[in-house]
Amino acid sequence: MAENRLMTGKDAIREALIEEMRRDKTVFLLGEDLEQATFGVTDGLIDEFGAERVRNSPISENAIIGASIGAALTGMRPVAEIMFADFLMDAMDPIVNTMAKARFMTGGQAKVPMVIRTPSGAGLSAGAQHSQSPEALFMHIPGIKIAVPSTPYDMKGLLKTSIRMDDPVLFFEHKMLYYEGGEVPDGEYTLPFGKADVKRQGKDVTIIAVLAMVKKAMMAADMLAGEGIEAEVIDPRTLNPLDMETIINSLKKTKKLITVEEGARTGGIGAEIAARVAEDALDYLDAPIKRLGGVDCPIPFSPVLEEVMYPTEDSIAAAVKQLLG
Amino acid sequence: MDKSLALNLYATMFRIRTFEEEVKRQFEDGNIPGFIHLGSGQEAVSAGACAAINHDDYIGSTHRGHANLIAKGGRTDKMMAELFARETGSCKGRGGCLHITEMGVGSLGANGIVAAGIIVANGAALSAKLQHNNKVVLTFFGDGATNQGKFHEAMNLASLWSLPNIFICENNLYGEATPLAQHMKLKDIAVRAKAYDMPGVVVDGQDVLAVYEAVSTAVKRARDGKGPTLIEAKTYRFHGHHIGDPETYRTKEEVEEWMEKRDPIKLFKEKLIKEFKVKNTEIDPIEAKILKEIEAAVTFASGSPTPDPASLTRDVYV
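Going down the list, the sequences are from chains A and B. When the first sequence is numbered by my numbering, its final residue is 325 and no position is left out of the sequence of numbers. When the second sequence is numbered by my numbering, its final residue is 318 and no position is left out of the sequence of numbers.
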């Protein structure tokens with residue numbers, strides 16, 4: 001039996017990179033400051049894999065993503081790092097117009113097996129251009145698989161799958177989860193896309209949460225359990241594909257839905273889930289759907305203001321109680 | 001240069017011209033939907049450049065990409081079917097003029113976004129470096145693309161990493177409907193190479209031999225591990241930016257003068273006869289064969305099925 005180790009999110013991602021680079025010579029890394037990484041994920045990898053495969057890149061997001069696409073089209077499996085998810089906006093053209101569409105536009109001639117790893121999320125008083133959670137923005141673009149892991153175990157397993165996948169993957173790493181611990185088994189494992197994880201079972205309400213909000217939802221569920229309310233917490237783990245089956249099966253039981261995300265509520269992950277539930281599973285519900293998310297506001301620098309931007313365990317618990325009447 | 005290579009260059013240019021003029025007719029007859037960007041007048045750039053690389057080398061292409069792909073060996077029947085939006089097309093009718101691609105002959109894709117192909121070409125060049133296979137990439141783009149940030153990011157990266165990527169600017173003097181002098185101060189785009197410590201070469205884009213020589217030199221440099229070159233081929237498009245362009249930004253006289261005095265095919269035919277001692281009886285069968293090939297391409301395209309609507313989402317994911 002494989003033993004579990006306690007590991008941070010950062011180290012789980014790092015271990016996935018190391019294992020996949022050892023396994024497959026076509027895997028290589030490129031991105032800004034990889035040798036002295038902002039969050040330390042790739043520190044020291046150059047010592048094992050060399051500068052050919054750990055490519056410190058100029059501050060040129062278009063060139064980084066473009067080169068990744070070209071390499072992926074010609075037999076390599078690049079893993080690009082975009083230092084902050086906010087900087088994806090620098091490279092929206094190659095991501096949206098080329099990476100996502102190359103296979104379709106060529107009638108299936110092309111495949112683009114690349115991963116873009118990028119830290120999203122707030123919590124560091126990093127201001128409006130270093131704190132965003134733009135995951136939902138990319139759900140609107142057909143052709144991009146999206147991972148949003150919330151635990152070290154999920155990070156490692158999903159990143160290994162992402163690297164082996166023949167479709168392009170946008171892999172979000174919440175920066176507050178880099179230093180959170182979790183159990184990771186020894187030895188080889190991968191996790192599938194499109195398979196939500198029921199993080200906690202319950203019969204009274206379904207809470208869908210992603211990334212750092214999963215922990216808040218779990219804390220809220222603990223608080224609610226003290227009051228006799230059993231919340232089911234589901235982490236979709238990937239947004240494309242999105243496992244609606246697990247969500248709807250849960251709703252058959254709980255009949256109540258709350259979604260929780262850090263990104264802006266309008267046009268968000270919860271909006272999409274709510275719309276799909278309204279179309280396909282409305283009859284199971286016996287209360288309105290509640291969406292919790294970031295305030296529709298740029299992210300402030302002030303810690304006092306930043307704190308009121310996002311759902312908390314208290315606001316999630318309060319929303320559940322309101323919903324249950 | 002030996003005579004057979006010269007005749008091949010001629011055949012490629014003639015094939016491009018015949019294809020493009022046929023596409024124009026078919027579009028005007030209503031058989032081709034969308035926006036069509038023709039490369040008539042610019043044949044020498046594609047023909048000369050692609051003759052300087054191997055079948056397994058790569059090209060990156062633009063919205064005016066038919067010529068690039070034909071020169072790299074793309075099949076004209078599949079290309080015509082693509083423009084007719086048929087299932088038998090190069091991209092099964094999903095790409096069209098803007099995205100016409102045949103990956104099997106080394107095309108990395110044609111792009112509807114100006115400068116989009118340049119950054120991607122770097123990646124193929126990086127693959128060649130990492131795989132140690134000595135391949136090179138030619139990336140084609142227009143004068144307008146050199147004002148995009150992507151061009152500059154790509155030039156810097158290619159130079160920094162000594163990538164075997166040859167940047168070929170088809171400077172046709174107009175960025176869509178804007179004359180060069182209204183979109184940059186420079187007379188020669190090739191000087192932009194200086195900023196990235198790579199050679200910048202100006203070449204007559206209507207002279208197929210000059211293009212071939214310049215690209216051959218750059219290819220040798222790239223295969224020797226010395227990195228990229230920027231080649232600016234001064235050229236001219238005989239038709240508008242797209243078919244139907246009212247062309248208010250240039251005079252009829254200017255266009256007619258280029259067509260009369262600077263047609264790369266006419267110029268090279270004269271050279272073949274005078275300098276390579278080629279006889280008309282050698283050229284005629286080449287032309288006749290190509291005319292038949294393009295006629296057959298139209299027959300193939302018009303007889304091919306349109307895509308099955310049920311197959312719409314087939315190639316969004318692997």
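Careful, some of the hints might be misleading.
Claimed, not checked - Covered by chain A, according to a simulated footprint, are these stretches of chain B (three or more residues, beta-carbon under 8 Å):
#1 9-18
#2 89-96
#3 171-183
To be verified - In silico SDA-like pairs for lysine to any residue, Cα to Cα no more than 25 Å straight-line:
#4 LYS129/B x GLU19/A
#5 LYS195/A x VAL316/B
#6 LYS111/A x LYS194/B
#7 LYS160/A x ARG75/B
#8 LYS25/A x PRO307/B
#9 LYS111/A x GLY73/B
#10 LYS194/B x LYS195/A
Rather than coming from a laboratory, the hints here were simulated on the basis of the structure. As the structure is a computational prediction, the values presented were derived from the model and not from experiment. The beta-carbon is built from N, C-alpha and C at its ideal position, and this holds for glycine as well.
Checked hints:
no.	hint	in the structure
1	9-18	violated (count 0)
2	89-96	holds (count 7)
3	171-183	violated (count 0)
4	LYS129/B x GLU19/A	holds (23 Å)
5	LYS195/A x VAL316/B	holds (20 Å)
6	LYS111/A x LYS194/B	violated (35 Å)
7	LYS160/A x ARG75/B	violated (39 Å)
8	LYS25/A x PRO307/B	violated (38 Å)
9	LYS111/A x GLY73/B	holds (21 Å)
10	LYS194/B x LYS195/A	violated (52 Å)
Of the numbered hints stated above, those contradicted by the structure are hints 1, 3, 6, 7, 8 and 10, listed in ascending order.
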